[in-house]
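Participant: Spelled out, the chains give:
There are 4 protein chains.
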Amino acid sequence: MTEPGGLFSGLFGRGAVGVTDVDWLQAMLDTEAALARTVERAGLAAAGAGAAVTAAASTGTFDRAEIGREAMLTGNPVPALVRALSAAVPDAARNAVHRGATSQDIIDTALMLLARRALEVIDGDLAAAAAGAAALAGAHAGTVMAGRTLLQQAVPVTFGLVAAGWLTAIDAGRQDLDRARSRLAVQFGGAAGTLASLGPAGSTVAGLLAHELGLAEPVLPWHTDRLRVLQLAAALTGVCAALGKIARDITLLAETEIAEVAEGGDHPRRGGSSAMPQKRNPVGSVVVLGCTRRAPGLLATLAAAAEHELQRAAGAWHAEWEPLTDLLRLTGSAASWSVPLLTELHVDADRMRANLAATGGLPLAEHVAAALAPAVGVLAAQDLVAAAAARAAGEGLSLAEALLADPAGAAALRDAGIGRADLDAAVDPAGYLGASAEFISRALAAHASRDGIT
Amino acid sequence: MTEPGGLFSGLFGRGAVGVTDVDWLQAMLDTEAALARTVERAGLAAAGAGAAVTAAASTGTFDRAEIGREAMLTGNPVPALVRALSAAVPDAARNAVHRGATSQDIIDTALMLLARRALEVIDGDLAAAAAGAAALAGAHAGTVMAGRTLLQQAVPVTFGLVAAGWLTAIDAGRQDLDRARSRLAVQFGGAAGTLASLGPAGSTVAGLLAHELGLAEPVLPWHTDRLRVLQLAAALTGVCAALGKIARDITLLAETEIAEVAEGGDHPRRGGSSAMPQKRNPVGSVVVLGCTRRAPGLLATLAAAAEHELQRAAGAWHAEWEPLTDLLRLTGSAASWSVPLLTELHVDADRMRANLAATGGLPLAEHVAAALAPAVGVLAAQDLVAAAAARAAGEGLSLAEALLADPAGAAALRDAGIGRADLDAAVDPAGYLGASAEFISRALAAHASRDGIT
Amino acid sequence: MTEPGGLFSGLFGRGAVGVTDVDWLQAMLDTEAALARTVERAGLAAAGAGAAVTAAASTGTFDRAEIGREAMLTGNPVPALVRALSAAVPDAARNAVHRGATSQDIIDTALMLLARRALEVIDGDLAAAAAGAAALAGAHAGTVMAGRTLLQQAVPVTFGLVAAGWLTAIDAGRQDLDRARSRLAVQFGGAAGTLASLGPAGSTVAGLLAHELGLAEPVLPWHTDRLRVLQLAAALTGVCAALGKIARDITLLAETEIAEVAEGGDHPRRGGSSAMPQKRNPVGSVVVLGCTRRAPGLLATLAAAAEHELQRAAGAWHAEWEPLTDLLRLTGSAASWSVPLLTELHVDADRMRANLAATGGLPLAEHVAAALAPAVGVLAAQDLVAAAAARAAGEGLSLAEALLADPAGAAALRDAGIGRADLDAAVDPAGYLGASAEFISRALAAHASRDGIT
Amino acid sequence: MTEPGGLFSGLFGRGAVGVTDVDWLQAMLDTEAALARTVERAGLAAAGAGAAVTAAASTGTFDRAEIGREAMLTGNPVPALVRALSAAVPDAARNAVHRGATSQDIIDTALMLLARRALEVIDGDLAAAAAGAAALAGAHAGTVMAGRTLLQQAVPVTFGLVAAGWLTAIDAGRQDLDRARSRLAVQFGGAAGTLASLGPAGSTVAGLLAHELGLAEPVLPWHTDRLRVLQLAAALTGVCAALGKIARDITLLAETEIAEVAEGGDHPRRGGSSAMPQKRNPVGSVVVLGCTRRAPGLLATLAAAAEHELQRAAGAWHAEWEPLTDLLRLTGSAASWSVPLLTELHVDADRMRANLAATGGLPLAEHVAAALAPAVGVLAAQDLVAAAAARAAGEGLSLAEALLADPAGAAALRDAGIGRADLDAAVDPAGYLGASAEFISRALAAHASRDGIT
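Chains as they are written, first to last, in our numbering: chain A, -11 to 442; chain B, -11 to 442; chain C, -11 to 442; chain D, -11 to 442.
Next up, chain A with everything else stripped away, as it sits in the complex:
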């Protein structure tokens, strides 16, 4: 499923990451063409051979179905592709085709090319999503809301701080993508990693090929050292983790009973249900989660497949192709969906304030306890306030009322020199935001400097 232009491609393949069959074929042809040009440059093929192969690789019409059938004989599509490509070039250029290479060189390098393009696309979408998060962080630095731990109201935070956390996570994810991108390396080792068929020219050709393709040159051919695949997959999974957390937060904050945020998008059918007319489902965040929840299993498959035997794996290598492709596609889709999610999000500051106030000051219990602590000790203060909080919740009182109604509480307040006005101040969320504003500034500054250096 998730075929290009199909029923599910808008959900799980949104955005410009290109990993279709056609993209795969072109990436393999691009690799073969670059190899032919390189071989010519190294003096191993006639002048013009590189251009001839490049022309055939660009314009040749290759029958994917036929190559696919032939792939069943050899376990991968490269031998059939090489036969077809060879047939499409003049005799004089034929010895530049696939020169010195083995199938794995072509497929691995093609994967690197697909990954490089995908990472560019993903990074662009992440930059837009991060800009959305940064805008939210800045705009809502003073928008007070309930912090929630274990899904219970805890202490006040600001929505700006929440968005700053989203921003920092996206930026950290992008940083890992950058690193993974810098490690994308050409694969070129020939039959068993010695490049023997190129004679003394082997490592020279490998270096030139890396340069031709704009990929890194590895210390050794990495046929059976899959760490860079694992790193790439881990970086993509990290991005999914960041985006999944954001989407999860949005689904929670958009709950009917909380209703502090809502997804944007003004199409009349957006978020609709096939049954319930009132529904405005948080489609974007749900689909993001539908993508990001896939990453851990794909990562595990790639990690388990990293144990390649001797000079070429018997199965583990084949097991990598689709999962890595899927991971690029799904991360790309999640990133693409996240852009409108973060740039068009509706934020209801009134509702945030109202939700925080609804429990009569309970989220300020820590603050009140801290005010009492110098007078009665930390643990005793906590116990007093815990008792008042329980009573407040049970009897529908505010925390302040409950504390004052408790003789021990009233006494402690007196001992601590805390009057009613002090108490009211203590339960004002705006007075208990700690380093929220500072943290937002730090996140925005880190984001700005990152954007500057990337």
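What the hints contain is simulated information worked out from the structure, not anything from laboratory work. Treat the hints with caution; some may be incorrect.
[What the hints assert, rightly or not] To give a feel for the contact side, a few chain B residues facing chain D, derived at Cβ under 8 Å:
no.	residue
1	Leu138
2	Gln141
3	Val143
4	Glu245
5	Ile246
6	Ala263
7	Met264
8	Pro265
9	Pro270
10	Val274
11	Asn343
12	Ala353
13	Gly365
14	Val366
15	Gln370
Because the structure is a prediction, the values reported are computed rather than measured. The beta-carbon is built from N, C-alpha and C at its ideal position, and this holds for glycine as well.
We have chain A; now place chains B, C and D onto it with these hints.
Facilitator: Below, chains B, C and D without anything else, positioned relative to chain A:
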């Protein structure tokens, strides 16, 4: 990637399991059509409504790309499909379309239909593969070879016993598939599992729909109880485990230095390399492994996605669709590849015997130790034979020679009344096969009775 | 970590599942003792040998640290255990120790014994948890609440139906556990699965040993056929999925803003925070999730490890021991935590009703649209109600008010012959519960019959 | 299981990584002590408070079982630990205990401390293992052996090149560990990440605490941004991938029929079986695989757990503790086992040469085809040599003989001007090693420079 008829579909999508976009669309339409017929039967729609919807669902031309674009508004393709289907039926039939249903009812039931067909296909291929294994088990009940533990020669076995183990595992996998198949159930609960929009007819319609589709009727709608999805995935993974173990064994036994088996297939390019003319790679088993190694990660994704919130999951459900589809496809491909693997396998009995003999009787060390044990005790016998084995390996002697050359060994043999002829008999593999033949018979009998009852 | 009686054992190892080092040792000794008794019964050892080994295995003091050190020489603890056990029995019994067995026979069978005991414990806790769910389903068959899909209010359900869903999932999980339990089988095949060292008595001893231990006798030794391990793991993961879904629902329904349920437990520090005095965290469901979220990864590890090479795996087998142990422990802990969760849950029916009413009838939009459909058609009715729902949400009206205020809506109501009283009835949740009560009855009946037959 | 000093701890917990219950407790106490000292330094507690808490945290006797029981009330051990620690310090120091912190601050920071120590230990073992690989690479730069792809002999390589590949992978793994180590950061945000209870001193205390502990200071508290946990886990998994590949290679090269390497270790019982006296199992590599095969599932669990809700996760956080601990322990054990594996490995160069020669020059088929290609074209040359290779394999001829015996082959050789001496040279492995020596030098140079800079 792995698009139908593409570069990789012969590798990862071989066989007749149908899970393309077109298959998905038809399965959803089949579900809607069956629902319309059921609704008519229950007296909730005009006579002929079921047939009208069925006709539209069978012949209507639906634009998958358009449905896919609309799916981005609602998070799944059903609302757009329902609109298109409604537009394609006469007014009188329109209230039979999607009656009482929610999107999840359609997608989950469609998945059950796809799974049912896939399981039939897979079971057919597994039956053929099992027949191949059974034939090998029968034909090679007396073909002696080295049993290998931790990849070291251990004691003799027969190749028939190895094949009997393959057979038993396939049969166990099929048994689990049967059970999973019997649990494939209609999904029909409406917006939140109450079927309220059908009034008092709800559960009646649900029961009729199950009957119409030939699926089980569950105790409750299972929108957020995903155990049957997990069971299905676990059964498929079990089949992959069985097939992967067989493929792994074949790659090992086909190693150049062991060469006891070789894959069949007589196409001149079969098993060829793009670089090395002498290569006859074990393509079938490598591709099987390339499929089966994917199952654990997909299973983990589906298991992690089984935690569905309240009355419909916000993301976890969407995360199931592709992995389950992939698992059906990959298991189907592994099963399809396994048929020629097991029915055309070349077995080299001479090489098996030669490999077993190559270490001069060492795999019979346990037997020799057992013969000495009554005379000198179990541990002492093991130590004596271990010493002789070490010497044999180091000096190129046979185990018998090394034992006789050791004064303590020779004395123990004398004490045990073991002469040279007894010793030679003790190191004859054919005399140390234990229950191998009996076990083969058991496996074949179990297989035969299973084939009878299935 | 999670050492017995340690910092984390109450969280991740609650309940009576016993899988400590001591349990492992005893299970291995129990296996060896049963083998010795069996060997004697089969006439292969002197009378009394079985009793002697059993006595040594029960009372002997084995040095786990010393066995652990020796295990580093051989890769598993059995050879050292056999040496120690042999030294602890009289000479006459020594040839009954470990007779015919290989290390894997002992470890695999010990795992089956540990699993059997664990499954009994888990099933007992699940039975208690299911009873709690059944009681909730019965008691709250009429407790109306909002059904929530994608975390948005959808249509009304009853809390009894929610609990019935929990119940059905637990029961389905128990059914799978039963099946996995029935497949727990003795492992006994000797060095390479032929039982050759027992001569003609091999399969007889295997059958007797299965009987002695009360385990199933497999068709073949299953050294490298790991399907039953995978099935066991999948069944445990299914239980975790059921319990995790329940815990997730409870955390969501316990959110400060929803507050429809609260965990029981009256210890003053229960649910407390180290910082916030007002906190009553849903500790039980959080810890259940902390356990159940581990299952998918462990299952994946076991599934990936199911590809065992030839006659004994070189690594994959070792990779099973801890994950299976962990999965038994964590499932047991989740089950144990779930008992109080479900038997002591506080349910706030008033809050449920209030939350459902808070949006002015929006969750009844489907009902209202259905009432209009005969007059104006399905899609037009949905569009009308969708518009009214949007206006209601935006302007703080009830759905009925918004519909009446819309000229097209008012006209449609007139055309459909729906007066204000009819409209008020249509937005009464109690009148739109569909098959809820029937479904609860079905779930309770299925539960009762299951409890009868188990 | 795998309790300290138990049956399995030598297998799965070898080496000096400390993650026992006692280690956990101490790491939490170290965090609390550092916080107290920091708070004093920031002027928030009385002089001497830091020292008092540190003294109590160092010498206090804490009852782990009691803390564990209390942890069941709050879902983690910190509240009980704080109570016990508070009770152990003088009144004047009490307000320095846990000041400003929440439970997650303590547990996350403790995990960072445990990870830091573990990474040091692991890096030390990896350095020793890498030195072993480097020594093998250098010593065996000229040791010719068969390169094997898909487990079939391919073309010649040198054992030095194989070891250079192992070396490069270990070094890459270490590089990732370095990066993960540099990102280990203090966790300190208080109840919901605002540090509100510290008033204006919040971020100052956070910075000082990071400095006190020698951990990085993050941009924001990372309570629900788990990317650094994921990166750490991915880096550990990368190391496991590198070590698992090496161990897999060793098990394959140590196969009875290949026998090119053998594990060192001269204990008489090393590698022994409980049944077979001749066995010398490759225990070290098998146990390494038993550890490394666990990493992917643990990584997946941690990746799936990275989706933390709002300001503290309800379950996902708890699900991290054991898996990360396990991953540190298992990676540490694999690294520890790998040291003797690589520093004591026996290499049989004669056997390597013999195995390569056993098929009569087939691994040089690529070389021969390349020699013919200029005369007859690439594809025709490959077809000719493929035919000769098939005949050679079938009839027991050498490749040269088979080619000469084929009229077309003989003609092609003539056309290409290749005489018998040229042909013999073409099938000499030593003449077809390509860039092997150069690649070894590159790997050693990269290793040396890395060791210099780390």
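Participant: Taking the hints in turn, state whether each one holds.
Facilitator: To see whether the hints hold, each was checked on the structure:
| no. | hint | in the structure |
| --- | --- | --- |
| 1 | Leu138 | holds (5 Å) |
| 2 | Gln141 | holds (4 Å) |
| 3 | Val143 | holds (7 Å) |
| 4 | Glu245 | holds (5 Å) |
| 5 | Ile246 | holds (5 Å) |
| 6 | Ala263 | holds (6 Å) |
| 7 | Met264 | holds (5 Å) |
| 8 | Pro265 | holds (4 Å) |
| 9 | Pro270 | holds (6 Å) |
| 10 | Val274 | holds (6 Å) |
| 11 | Asn343 | holds (6 Å) |
| 12 | Ala353 | holds (4 Å) |
| 13 | Gly365 | violated (13 Å) |
| 14 | Val366 | violated (11 Å) |
| 15 | Gln370 | holds (5 Å) |
Violation of the numbered hints given earlier is confined to hints 13 and 14; the remaining hints are satisfied by the structure.
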